[in-house]
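A.B. asks: Protein chains in written order, with our numbering: chain F, 65 to 601; chain V, 4 to 343; chain U, 738 to 1011.
Bear in mind the hints are in silico, worked out from the structure with no lab data behind them. All C-beta atoms in this analysis are idealised placements derived from N, C-alpha and C, irrespective of residue type, glycine included. Be aware that one or more of the hints could be misleading.
[Claimed, not checked] Calculated Cβ distances over 10 Å to all of chain V for the following chain U residues:
no., residue
1, Ala776
2, Thr897
3, Met973
[Stated by the list, open to error] Listed below are the simulated BS3-like cross-link pairs for lysine-lysine, each with C-alpha atoms no more than 27 Å apart in a straight line:
no., chain 1, residue 1, chain 2, residue 2
4, V, Lys62, F, Lys201
5, V, Lys134, F, Lys201
6, U, Lys750, V, Lys134
Below are the chains, spelled out letter by letter.
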Amino acid sequence: MKVWKRVLAVVFCCIMISGVTACGKTNSESNTSSNDGNNESSGGGTLVVGMDSDLQTLDPGHGYEVYGNMIFYAVYDNLYKTYGTSTPEPSLAESYELDDSQTVYSFKLKEGVKFSSGNDLTSKDVAFSIMRTKNLKSNTSHHAEAVQSVETPDDYTVVITLASPDASFLVKLSNNSFAILDSEVVKEHGGTDAEDAATTDTAQEWLNQNSAGSGAYVLDNWTQNVKVELIKNENYWGEVKNEKVICNEIPDVNTQIQNLKQGDIDIALGVSMDNVSQLEDADGVELLYAQGYTTTFLLMNQDPDIGGPLADSKVQEAVRLAINYQELLEICGENATLPLNIVPEGFTGALQREASEPDIEGAKALLTEAGYPDGFDVKFTVASYDSEGMSWTTLGQKIKDDLSKVGINAEIETAEIGVVIDSYREGKEQFLLMHWHPDYMDINNQLAFLPGDTIGERANWTDASNTELEELKNTVSTENDPDKRAAASEELQKLFAQDNPYAFLVTHPKVLAYGSNLENVDYYEVQKIDFQNIVIN
Amino acid sequence: MGNMVKYLMRRLLLVLFLLIGVSLLVFLISHLVPSDPVAANMSTQAMSDPEAVEVYKAKWGLDKPLYQQYGIYLKNLLQGDLGTSIRTGNPVIEDLKQFFPATLELSVFAMIIAIVFGILFGVISAVHRDKPLDYIFRTVSIAGVSVPNFWFALLMLFLFYAQWGIFPGGGRVGSRTATPSGGTGLYILDGITSGNWSLVGEAFFHLLLPALVLGFFTMGLIARQTRSNLLEVTSMDYIRTAKAKGLPAGKVISRHALGNALIPVITVMGMGFCNLLGGMVFVEKIFSWPGIGQYAYLSATTLDFPAICGVSLLIAVIYVVINLIIDILYGVIDPRVRYN
Amino acid sequence: MKQLLKQKNVLFKLGLIICGLWILIAIFSPVITPQDPLAQNVANRFQAPSVANWFGTDELGRDVFSRVLLGSRVSITAGLVTVCITIFLGIIYGGIAGYVGGVIDDIMMRLSELVSSFPPLILAMVIAAALGPSIFNSVFAMTIIWWPNYARLMRSMVITLKENEYIVASRTLGASHLRILIREILPNSIGPLFVMATLDIGNAILTFAGLSFLGLGTQPPTPEWGSMVADGVNNMNYWWISTFPGISIFLMSIGANFIGDGLRDYLDPKLLKE
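Using the sequences provided together with the hints, build the complete structure.
C.D. replies: Structure below.
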């Protein structure tokens, strides 16, 4: 009998607890639910975002993570910013002049802009910020490498001299390496732009918890792996349509999706083509399919010792013929595109590929010519990674299936992305699925695929003897006339297509899921979300 | 009493041995598994600066023979220096300090749930042996140890949050609440000590579901162990004597049987706690819980050796301490152990 | 054995049936799968369970039912192999430690405690990440984690048994240590070890599934229950992709546990009577 009494007691307690919990939930959650009409009592106009970020620092001179610019754009201003297209829009620079040598840029700054501290933003702050980034020798400093000097003839003019012409410079300015910091405040906290900044600058720790910018928001708090909290900048020169932004770290996408459906978050950043199906019919949720700019490709090593059969250009062409591009499009869904090769749709002169059926006969013929009439076995490295919207494991299995139809037996070997990246950077991968994410919205980024350049070296493609290719590369990177540049770009792609150790797959769209009570939501490649324009109803 | 002291001394000596052993193991792993310890312990960016590499080598004595390196490693360890995480860029000790409280809170709650319900189910099962109630509870307990916890976590979140809206959907506090700062990082404790009752409530509600999911497996273990031990004990002579004397069943169980039956259960609790740390990885990921489990997973998969070693050391220390506590409890409860 | 089967224990019999079925499926799966588990059909992705595909199709249009059947091979084999190896290692290690006793026993036991103090999942993750994900490496990682449990159990039984009168008698009569170990001690200790093993099979399958879920076990496109659950996790509204493999893991695990429980119930009273 005593046992029964005990059982009853425990059950009773459980009911009590769940009852209290349910009440408690209704009480505490109702005050903060975003779907209520008027939110004054709880910090109304708070935008809540769910993400799974890799944020390591909020110091713009050090930041090099994918989600970094989302915060940097909200808190700092640049001379130029990009939104949606690869055409940069003036932010703090009202106008610019370029001299005949194409290396000296003179910018006129917007007047009357104040930092969140109340200090005026003048040219000295621009000079300080750029030189600091360059001298910090951090992960992001290479963007500022080409800057030779920054002069400040007066408070609202900045003159930047480059080492050589760079057609993408204005776009580069939109990257966080060129974010403009409040020089006085940063110096107070140990910041410096001197040549030895790499060892003497100590401002990073302070900048991780505080912002010294002129942007729409001020950094209120950052708890790594938990939350980023931003509040509206009262001194901002433009318009901010909400009060506060909270970015929650929610590592599991399913949890993000459920949080969004329940209204606990307003925007879910982690949704991708793989799981968007869960939200397609959900009430109160909108989906945005934005064009992506991340190039997903196959890398085949040119070094015969590493690449084996894949070092042969005939085999490389055979691989390209074997891929079923039509089905790749189907897997990646609406707004996916097939780039011809290195230039994604939306960048200068981009060319597209036909969504064709694979040419099995042609591929087999090429393989026979190359000496592999029965095909061959090859190790295929596929990192278990979700490239911001597309699972590599899914793509990898599809490619394997396509290749098996022409006799190439690709054995998939998964690995952790960190391990793969190291090996890839050392040029040791035989056959690899990889992506290239642009740091800024310009075709110059993509030239890394060329022989002797960043990605080319990783494929051991070092033969820079093709002078035509080199010339075109030069034109594209320095030609400031947009039409000439586009023409050169197209020629480059066609020439490139004839012989290269890659197979360019599909550019998948990015998906943004958000509550229907929001307005003005859009997705941008660099900053992901532009917080200040979003209206919460 | 003298025996007790001797017993304690022996146990403490053992703990010391184990701690040194674990640090040695961790040291060996970080030096022998990767081919180049410098590459494994420094980020690519830091490695490109030859000065920084020299500084690093000098600090950890990488040019010296292995045993001297271990000595330096121990010395740094005792000063609280566990190296710098390649992935986060923070000193490992800071990372651990940040992530540990979340896991601690969660595991304590999970253990409470596991112990309370485990013992309860085990007792009921034993008392009603081979009757329907027994079968039901045994199935529940066995289900507890059979279900894949990553799937179970997803299922629970889906049912209790998305479908029925009973519990919140992850995170230690609400999605619109600012992160509480200061204090120990144990939100319930901090809330109580600062009188912030809404924090206590919020943290508690957010704890319940993940603790339930995490504790489910251990609950199964404890229930089964309690049941089998109770059955064993109740068939013993002194129990039969008590029954023969006319003592009602309930009293027999609670006064005579349960105490003795619980002794081995204490071991299982220890095992169970350590098991918790295994399920932690999945539960933390799914419930957006910024704890050691997530940290361990991210460190292990990025081969961030300083962090891996730091986390392993921390968890091993916890294991050792828990085992020590259990052994002491044993020594107190069961005199036979002390004289062994 | 007959006595075992005559037990009124319903759960035990249920466990036998479940596990027996799965083992048969695992053995015959290549023959009995209605469709090719590896055949992709992009046009047919994410189909709900239907007459054509009993368990529906996955993200590449493959038949989930066939994949679950084939997946049983990897999952069950990995679990069984792990447990077998750990029992073997445990018997040897624990047997030696318990039988020899003294300082050697102390040292050996301290070492095994050391190994078990190391957080298992982290060790598994590091091994898998460093050596590369594969079935072999995952099994390797799991055996390293588990052998101490069996060693300890074996040792404690050896210690108890070696004081037994008939063992002492055998020694007096001149029987060699090895003969005693194999003839007398082993048969008597195998019972509880076997119980622990059956209880652990479920655990082994779960851990292996967990490692695959984290991407550290089987390589795609080989079907395996854990990685199938991982694949389906992203598309929870296509619930069949995760649920059927998840239920399979659960069934196999619970079946093994029922067997283990039944065995223990059967063996315990026997031990008590001695």
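A.B. asks: Output the indices of the hints that this structure fails to meet, ascending.
C.D. replies: Hint check: 3, 5 fail, others pass.
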